[in-house]
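Please model the entire structure based on the sequences and the hints provided.
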Amino acid sequence: FDQPLVIALDGGWGSGKSHFLKLWAGAHKMELGGKAEVIYFDAFEHDFLDDPLVSLVSRLLSQPTTKTQSKATMDKLKRAALPLARGLLRAGVAVASAGLSEIAGPAIDALIGEVEKATEEQINDFWQQETGRIAAMQGFRDSLTALTKAEGAEPKKIVFIVDELDRCRPDYALSLLETIKHFFSVPKVHFVLGVNLQALENSVSSRYGDGIDSALFLQKFIQLPMTLPDSKDVNGKRPWERYFLRLVEEMAIRSEFPEPIIKQMTLISHRRTISMRDVQRIASRLALIPKNWENFSDGIVEILFSSILLKVLSPDIYRDLVAGKSPLNAIEGFFSLYTETPGPKTLGENLRDGWKYVFKQDLDPDRIEPIRRWFNVKLIESQPPNLAKLLAEDIDIFHIPDESPSP
963 FDQPLVIALD GGWGSGKSHF LKLWAGAHKM ELGGKAEVIY FDAFEHDFLD
1013 DPLVSLVSRL LSQPTTKTQS KATMDKLKRA ALPLARGLLR AGVAVASAGL
1063 SEIAGPAIDA LIGEVEKATE EQINDFWQQE TGRIAAMQGF RDSLTALTKA
1113 EGAEPKKIVF IVDELDRCRP DYALSLLETI KHFFSVPKVH FVLGVNLQAL
1163 ENSVSSRYGD GIDSALFLQK FIQLPMTLPD SKDVNGKRPW ERYFLRLVEE
1213 MAIRSEFPEP IIKQMTLISH RRTISMRDVQ RIASRLALIP KNWENFSDGI
1263 VEILFSSILL KVLSPDIYRD LVAGKSPLNA IEGFFSLYTE TPGPKTLGEN
1313 LRDGWKYVFK QDLDPDRIEP IRRWFNVKLI ESQPPNLAKL LAEDIDIFHI
1363 PDESPSP
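To convert a position in the sequence shown, counted from 1, into my numbering, add 962.
Calculated directly from the structure, the hints in this document are not laboratory data. Beta carbons: idealized from backbone N, C-alpha and C, even for Gly. Keep in mind that a hint or two might mislead.
Have a look at the derived ranges for each label pair, beta carbon to beta carbon [said to hold, decoys possible]:
| # | residue 1 | residue 2 | range |
| --- | --- | --- | --- |
| 1 | Met-992 | Leu-1190 | 19 to 25 Å |
| 2 | Glu-1294 | Glu-1331 | 21 to 27 Å |
| 3 | Arg-1239 | Lys-1351 | 28 to 34 Å |
| 4 | Thr-1308 | Gly-1173 | 48 to 54 Å |
| 5 | Gly-988 | Phe-1321 | 46 to 52 Å |
| 6 | Gly-1286 | Met-992 | 52 to 58 Å |
| 7 | Leu-967 | Phe-1010 | 50 to 56 Å |
| 8 | Glu-1211 | Asp-1326 | 38 to 44 Å |
Okay, derived cross-link-like pairs now, EDC-like style, lysine to aspartate or glutamate, Cα gap no bigger than 20 Å in a straight line [stated by the list, open to error]:
| # | residue 1 | residue 2 |
| --- | --- | --- |
| 9 | Lys-1253 | Glu-1218 |
| 10 | Lys-1225 | Asp-1175 |
| 11 | Lys-1322 | Asp-1260 |
| 12 | Lys-1340 | Glu-1355 |
| 13 | Lys-1351 | Asp-1260 |
| 14 | Lys-1273 | Asp-1356 |
| 15 | Lys-1119 | Glu-993 |
| 16 | Lys-1199 | Glu-1212 |
| 17 | Lys-1253 | Glu-1211 |
| 18 | Lys-1150 | Glu-1218 |
| 19 | Lys-1340 | Asp-1260 |
| 20 | Lys-1340 | Asp-1356 |
| 21 | Lys-984 | Glu-1007 |
| 22 | Lys-1253 | Asp-1356 |
| 23 | Lys-1322 | Asp-1282 |
| 24 | Lys-1322 | Glu-1294 |
| 25 | Lys-1150 | Asp-1133 |
| 26 | Lys-1199 | Glu-1221 |
| 27 | Lys-1118 | Asp-1104 |
| 28 | Lys-1287 | Glu-1355 |
| 29 | Lys-1318 | Asp-1328 |
| 30 | Lys-1118 | Glu-993 |
| 31 | Lys-1287 | Asp-1358 |
| 32 | Lys-1287 | Asp-1324 |
| 33 | Lys-1225 | Glu-1355 |
| 34 | Lys-1253 | Asp-1326 |
| 35 | Lys-1253 | Glu-1221 |
| 36 | Lys-1340 | Asp-1328 |
Written out as structure tokens, the structure is:
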């Protein structure tokens, strides 16, 4: 496919877009065997700059295979980009892209008044400058086209992977889209954007006001929006579970922790999506668990695991716990603990009764003995653990992890 194409890979924050795009970039390079120049560009790393054009051109020219082009071709592209600084074209590009003007009505009236006073020489200079800018844009596109034509070989496609666009400042994100549309819209140059389209639509509204149709606006820049498919279980393990187990190994998390945490995360996954970023944050918390947890009963450990998951995934409920409140209903809903099943009690029901015990609520008579064993107390009427104290000492305080975690 030779005509310029912009694809948006849409997904929420933490959904694995960046991980997928980095893997895809590597696979693309290997499978195409150098027939395309694949360039990964982290937009968020560059949004402290004012001009995305300079950043994209610099990234393009820094590619090892691009450097094999003749010096004349490289110099031509550099020279063509030089006069296209953001300050020269900013207003014109915005108007052409959005069908809008960044100049308010009163300012337009004032400008018209100034034009009426202008001399013929000043007006001619203005239009000469505009003609020069248009010529400069075309010159840049011609130079970029020349870069795709490897000397004595098959023309090479250029594929930019622009990631983290939705994390950028709204003005930078939209300027980058404008730059792609106006300067890089040439045959054999394609873009794949890693983005949360809803967040990008919010950026459009932030810049142009709520009256604009943000989704329609973005269609001017994006020809093909796509989403990551729902991942399926592989060998009986869900994607977040496989990633979690990999982090457990990389971060030397104690071997007895993964199984109970995965079971609780599975309960949560019935009600909400667990993203890869969620998994990273949960694993980081587990890596900092102090050694003294070895002395806790199974019931206390399970409650503390639940508290870690709440701290990462539901901070509002966790704040209530720290404040000494008893948000049992919220916890039951978050972990899906409502289901009643005959026969042996499920983890969900054990957790529900465990939280009831912690919050000093009455248990069914047939549940007193199991919970007594779970918390390793002689009498169920014994004082439940001081949860706020446990959270303060074992979760909220930073602990240096053990150098030699338990095998």
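Right, here's what the structure says about each hint:
1. For the pair Met-992 and Leu-1190, the supplied restraint of 19 to 25 Å holds, since their beta-carbon distance comes to about 21 Å.
2. Between Glu-1294 and Glu-1331 the Cβ separation comes to about 22 Å, which falls inside the hinted range of 21 to 27 Å.
3. For the hinted restraint 28 to 34 Å between Arg-1239 and Lys-1351, the CB-CB distance of approximately 30 Å keeps it satisfied.
4. A hinted range of 48 to 54 Å holds for the C-beta pair Thr-1308 and Gly-1173, which are about 51 Å apart.
5. A hinted range of 46 to 52 Å holds for the C-beta pair Gly-988 and Phe-1321, which are about 50 Å apart.
6. For the pair Gly-1286 and Met-992, the supplied restraint of 52 to 58 Å holds, since their beta-carbon distance comes to about 57 Å.
7. The beta-carbon spacing between Leu-967 and Phe-1010, approximately 29 Å, falls outside the hinted interval of 50 to 56 Å.
8. The supplied range of 38 to 44 Å is met by Glu-1211 and Asp-1326, whose beta-carbon atoms lie about 40 Å from each other.
9. At roughly 13 Å between alpha-carbon atoms, Lys-1253 and Glu-1218 fall within 20 Å of each other, so this suggested pair holds.
10. For the hint pairing Lys-1225 with Asp-1175, the CA-to-CA distance comes to about 43 Å; that exceeds 20 Å, so the pair is violated.
11. For the given pair, Lys-1322 sits about 18 Å from Asp-1260 by alpha-carbon distance, which is consistent with the 20 Å threshold.
12. Between Lys-1340 and Glu-1355 the CA atoms are separated by roughly 25 Å; this puts the pair beyond 20 Å, and the hint is violated.
13. For the suggested pair Lys-1351 and Asp-1260, the alpha carbons sit about 18 Å apart, so the restraint of at most 20 Å is met.
14. With a C-alpha separation of about 13 Å, the suggested pairing of Lys-1273 with Asp-1356 holds against the 20 Å cut-off.
15. For a cut-off of 20 Å, the pair hint linking Lys-1119 to Glu-993 stands: about 14 Å separates their Cα positions.
16. Of the supplied pair hints, the one linking Lys-1199 and Glu-1212 holds, its CA atoms being roughly 18 Å apart against a limit of 20 Å.
17. Taking the CA atoms of Lys-1253 and Glu-1211, the gap is about 18 Å. The hint holds against a cut of 20 Å.
18. Using a Cα cut-off of 20 Å, the hinted pair Lys-1150 and Glu-1218 is violated, with the two alpha carbons roughly 53 Å apart.
19. Annotation: proposed proximity of Lys-1340 to Asp-1260 holds, straight-line Cα distance about 15 Å (limit 20 Å).
20. The hinted pair formed by Lys-1340 and Asp-1356 fails the criterion: a straight-line CA distance of about 24 Å is larger than 20 Å.
21. For a cut-off of 20 Å, the pair hint linking Lys-984 to Glu-1007 stands: about 15 Å separates their Cα positions.
22. The straight-line distance between the Cα atoms of Lys-1253 and Asp-1356 is roughly 10 Å, inside the 20 Å bound, and the hint therefore holds.
23. Annotation: proposed proximity of Lys-1322 to Asp-1282 holds, straight-line Cα distance about 16 Å (limit 20 Å).
24. With a C-alpha separation of about 16 Å, the suggested pair Lys-1322 and Glu-1294 falls inside the 20 Å cut-off, and the hint holds.
25. Proximity of Lys-1150 to Asp-1133 is assessed by CA-CA distance (about 27 Å); at most 20 Å being required, the pair is judged violated.
26. The hinted pair formed by Lys-1199 and Glu-1221 meets the criterion: a straight-line CA distance of about 12 Å does not exceed 20 Å.
27. Proximity of Lys-1118 to Asp-1104 is assessed by CA-CA distance (about 15 Å); at most 20 Å being required, the pair is judged to hold.
28. For the suggested pair Lys-1287 and Glu-1355, the alpha carbons sit about 18 Å apart, so the restraint of at most 20 Å is met.
29. Proposed proximity of Lys-1318 and Asp-1328 is supported: the alpha carbons are some 14 Å apart, at most 20 Å.
30. Between Lys-1118 and Glu-993 the CA atoms are separated by roughly 14 Å; this keeps the pair inside 20 Å, and the hint holds.
31. Straight-line distance between C-alpha atoms of Lys-1287 and Asp-1358 comes to about 17 Å, which keeps the hinted pair within the 20 Å bound.
32. The hinted pair formed by Lys-1287 and Asp-1324 meets the criterion: a straight-line CA distance of about 17 Å does not exceed 20 Å.
33. Of the pairs offered as hints, the one joining Lys-1225 and Glu-1355 is violated, with about 25 Å between alpha carbons and a cut-off of 20 Å exceeded.
34. Distance restraint check for Lys-1253 and Asp-1326: the Cα-Cα separation of roughly 34 Å exceeds the 20 Å cut-off, and the hinted pair is therefore not satisfied.
35. For the hint linking Lys-1253 to Glu-1221, the alpha-carbon distance of about 18 Å falls within 20 Å, and the restraint holds.
36. The hinted pair formed by Lys-1340 and Asp-1328 meets the criterion: a straight-line CA distance of about 16 Å does not exceed 20 Å.
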